Amino acid sequence: MTIEAKVNNPAARILLANNDAQMRDRLQQLLSQRYQVYLAVDGIDALTNIQQLKQLPDLVIADVMMPRMDGLELLRSLRSNSQTQDISIILLSTGAEEDLCVAALEAGADDYLSQPFSDSQLLCRIEVNLKISRLHQATVQRQQQLQAELKTKKEQVITILESMTDAFYTLDRDWCFTYINSCGERILGKSRDELLGKNIWEQYPVLANTQVYEQYHRACVEGVPINFEFYYQPCDCWYDIHVYPSEQGINVYFQNISEHQTALRDRQQAEEAFQEQERKYRYIFEAAGVAIFEEDFSLVKAALDDLKAQGIQDFRTFFAENPKFVQQAMGMVRITNANNAAVQMFGAADKSELLGSLKQIFVPPTLEVFVQELLVLVAHQTYFESETILQTLQGEHLNVWFTITFPPANSKFDSVLVSMMNITPHRQAEAAVRASQERLRSFFEANLVGILFSHEDGSILEANDEFLRIVGYSRADLQAGRLSWVNLTPPEYLDLDELGIAEAKVKGTCTPYEKEFIRQDGSRVPVVVGYSLLRESQKQSVTFILDISGRKQTERALHQSEERFQAFMDNSPAAAWITDAQGHILYLSPTYYRTFQLSTTDVIGKTVFDLYPTEVAQQFLKNIKKVVQTNQVVEAIELAPLQDGTMGDFLVYKFPITDPSGQSLVGGVAVDITERERALRQRQQAEQALQKHSERLKLLSETASDLLSTEHPLELMNDLFGKLAAQMDLHCYFNYLIDTQEDRQKLRLKSWSGIDDQVAECIEWLELGQGICGLVAQQRRQIVVNNVQYSTYPNNHILCALKITAYASQPLIVQGKLLGVLFFASRTRSHFTPEEMALLQATSDQVAVALERADLMASLQQQTEQLIQANRLKDEFLAVLSHELRTPLNPILGWSKLLQTQKYDEATTARALETIERNAKLQTELIEDLLDVSRILQGQLSLNITQVDLATTIAAAVETVQLAAEAKSIQLQVLVEPNVGQVSGDSSRLQQVVWNLVSNAVKFTPPNGQVEIRLASLGSEVQLQVQDTGKGISPDFLPYVFDYFRQADSTNTRKFGGLGLGLAIVRHLVELHGGTVKAESPGEGKGATFTVTLPLIQTYLDSNQGDKQLDECPDLNGVKVLVVDDDFDSRDLISFFLEQLGAEVTQVRSPTEALQAITEFHPNVLLSDIGMPEIDGYMLIRQIRAMPPELGGEIPAIALTAYAEDSNQQQALLAGFQTHITKPINPANLALVIAQAAGLEDKDKAHGD
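Each residue of the sequence shown is one higher than the one before, starting from 41 at the first, in our numbering.
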């Protein structure tokens, strides 16, 4: 046939071979829109066209059934030719013959498509096979390219050192030349003979003490590569010098900088080209229709090379004797990537799940095939293919045909491609064929009837012993080819045989008929013949021969007729029956009994309702009546119970029969098509599952895009739920997030759907562990409950009341942080599939990431605002500070200048000096405030702890501000409750607190106002309040009134001066004393109240308690106590108290005196202050603990300190003190601690016992 071509896309050439002109024209019209199409009418025509084409076609599409040469023969011819064996081939057939499909795929077809098929199906298959073909070609081309590049680079390495224009030489550890190239000789001005073995510094003393000398030695000492630029005078050129240390010395490479830059640019372009090629390769990798793994064999290759180095030669024996090595080698293979087809083949949700679960897909047979892979690697072969068994992540075994393309032996093995094809359906089909053949073989060898296999030309290919007995020939005659259908058949029966053959070609089987065979001895034997054409080849048939000789003519005719019929029924693959018009059973074939499950064998005369369930019998009777009414053959697919009790699908033909009496009967035959229908349903289910999977992947992609593109993910929850509900039949969801209630972390309902607001209000707050959502948050895992009515989870009755039938609840976790819980539920479905559970978990993970991202963005925004606020406060404070410091300087500098330049009277001079002094004091106060804040911020502010009477402190503070108050006619009123008690603290700092509060009150109170100071006890605490009728505090500023550097008015027009530090210092000092301070104000212009609360102490000097406390203190008679404290009052008080209890006390004022007193006084207990000048208590105890025990190194020691933090106590114990007491001291507690340290309590206890 003449070649026809329509060129649309030169890159894709398709040869279409089909003898059906209509189909050929249809396909040409479809394909020519995209591809370059060549036409052929059969296989021979296709081969001729391929030979005439200048370029081989990219794809061949051939029909299976064609004259002269069919599609299978064309396929084998192309695969056997080395030039055409790589062409992709798709075979088309008019029916879904499974055997033809298996034969085509085994012969090497890339794809097989049965009619009817849609245009989109064909185009999709063509595009996939073209992509696979291009991927294969690209892979081969890339391997060839890499091999060529490797070879070229090796040759370049050999010649580059001598041919390159740059210098290269090597030096050993003694700085002697071991190699130099020609360029190096030219640049250095000496030949190899002059340099090799000579010291570089002796040959070129000009290089000594230069950068070259320093960097060469640095490379040797540090063992790191060095790169530097150096101007070499002999060449008058700058060189880029690379120094590479090695065990033998260093390798030095000089490179001209300009040439290097050119080479760098070329290399970048090459890298960009390689990256583009890699991108295209990745695209093909992912789009391929076959499963592909990208594996790293580098560790395996290294292990095999080690074995070779050890002298191993017989690797097959080695692997057999060392299975553990094979297992270890298999574990060395790392699968670094997989395409989407591999993810789908093994039932993974995505690549990460597949790559993280690789151990699950390998089964023991995989190890045997891996041995063959190792043998291929050892032999330096680059290609390996085999079949093995793998399993999906769901545990389903797969028969897989895989191919591996290894790089050459001297290449890297870190990227090896493994392609896999699931041939499980093929193997299952082969197993079914073998089983069928085995059954036929058993029947064949049973010799119940004569059976033979013959060709359409009459040659007998195989026969059983019964047939040979019937015709009187031996098996040797059969094997010698002396038996043929024509020679055995008398001439008068040849026409009858032709009719049978014609019937068989139409129906597949012929009606059994009688004939005679000519035996070897010339006699004739009457037989009944029945045969069927084999489905594998319409040119071969199987024939059943029944010997009917040796019986009486009359009896034999009837008997043989019955026997022929029965033999036909026995061997017919179809079940047969006869009923009357009402469905009464008149006849059932043996195949019927073998095929269907019957409740009894006594069936004749019974109706179909007696034998089968009502619904099955009704469909039987319906078609029986249809045959009777129409007198036509009815073809239908009916359900019926099989022998194993399951329901099977049967292709049924029911046809009218009239008996000799004229009664209308119905005959029927049924063929079991259960497997075919099951395969069809499975295919439909697979397509539906694939579509559903695609929709869910799209949903996940859209969800991730939507969630990550918004700053408020919760606003998209209802829209997200709507999409999930449409796909998964969901009806409600709850979204809980972690929140705080009553200082505890709980779950709070943030968004929901499918429940009313009243229910949502009832379940708004959940404890962790409460309900199913609380349990998910507590256990941090997904919980899925199917059939909710049977669930035992907590609060299940609530879900039942909401009519929920199944639900899935997922934790929202990002990087180990629990954000909340997302709950989905259905009111109609009873369970969720694993894929649906994975989808809900993946969706929840995306929501969690979006929530975390939103929180991070909000936090970032807040931090940005805080930073802006901090900068603003800093600028405002610096402006205020500048103003407050410069304002006093003006009168100071002004009066100073006037006093220096002129003489004034005494009154003027006194006023000037008073002004200078007042402003200098004001600056001093500002600087003191700044220093206090600095000490506070650095944690260096310390307190001198004593017992303080706050009434005295208040009086002193009021006295200092009295003049300022009187100047503004402000009334100061002090209300002190009698016998308030004392506090423990620093008297000067507490006076500073009171002064700051009172002076602030006076400062911000207008003339004729009032400031009231109250002091009263509240249980174990004392409360100080300063209340004024002044300016008041704005509600907006009230929360920040105690912050550093904050002022309600920091503008240039502010009415009141100051730095805004006083109240911040007050808060810190009060907190250091264990108290609290707060500010209250009804608003601006309504005054303010500041309240300070401090803890009271129980003083041991109280006359009412003193005798009682002393009476309860332990007797310290005979106990020698050494007291060390630089403060005389504290030291004297402690000594006096201890002496009252009978102790012998020695007091010293420094650690130096204490060390001397220990050796002289030999105390039982040491009582030392921590905060002392020059040498503190920590240093003292360390020196004591370093002394021998006999000199007091183990004396019990008690630390006294005004520092009350836990860290101070830990520091004292670590330094060597036995215990730690905080000032002010409770005498009774001190006496008890000393008694314990001296061991008095143990003695008293011993006496008591």
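Source of the hints: derived by calculation from the structure; they are not laboratory data.
Among the hints, erroneous ones may be present.
Claimed, not checked - When the alpha-carbon atoms are kept at most 30 angstroms apart in a straight line, the in silico DSS-like pairs for lysine-lysine are as follows:
hint: 1; residue 1: Lys1043; residue 2: Lys1126
hint: 2; residue 1: Lys452; residue 2: Lys547
hint: 3; residue 1: Lys191; residue 2: Lys452
hint: 4; residue 1: Lys1160; residue 2: Lys1126
hint: 5; residue 1: Lys646; residue 2: Lys665
Since the model is a prediction, treat every value here as computed from it, not as a measurement.
Each hint tested on the structure:
no.: 1; hint: Lys1043 <-> Lys1126; result: holds (15 angstroms)
no.: 2; hint: Lys452 <-> Lys547; result: violated (61 angstroms)
no.: 3; hint: Lys191 <-> Lys452; result: holds (14 angstroms)
no.: 4; hint: Lys1160 <-> Lys1126; result: violated (63 angstroms)
no.: 5; hint: Lys646 <-> Lys665; result: holds (17 angstroms)
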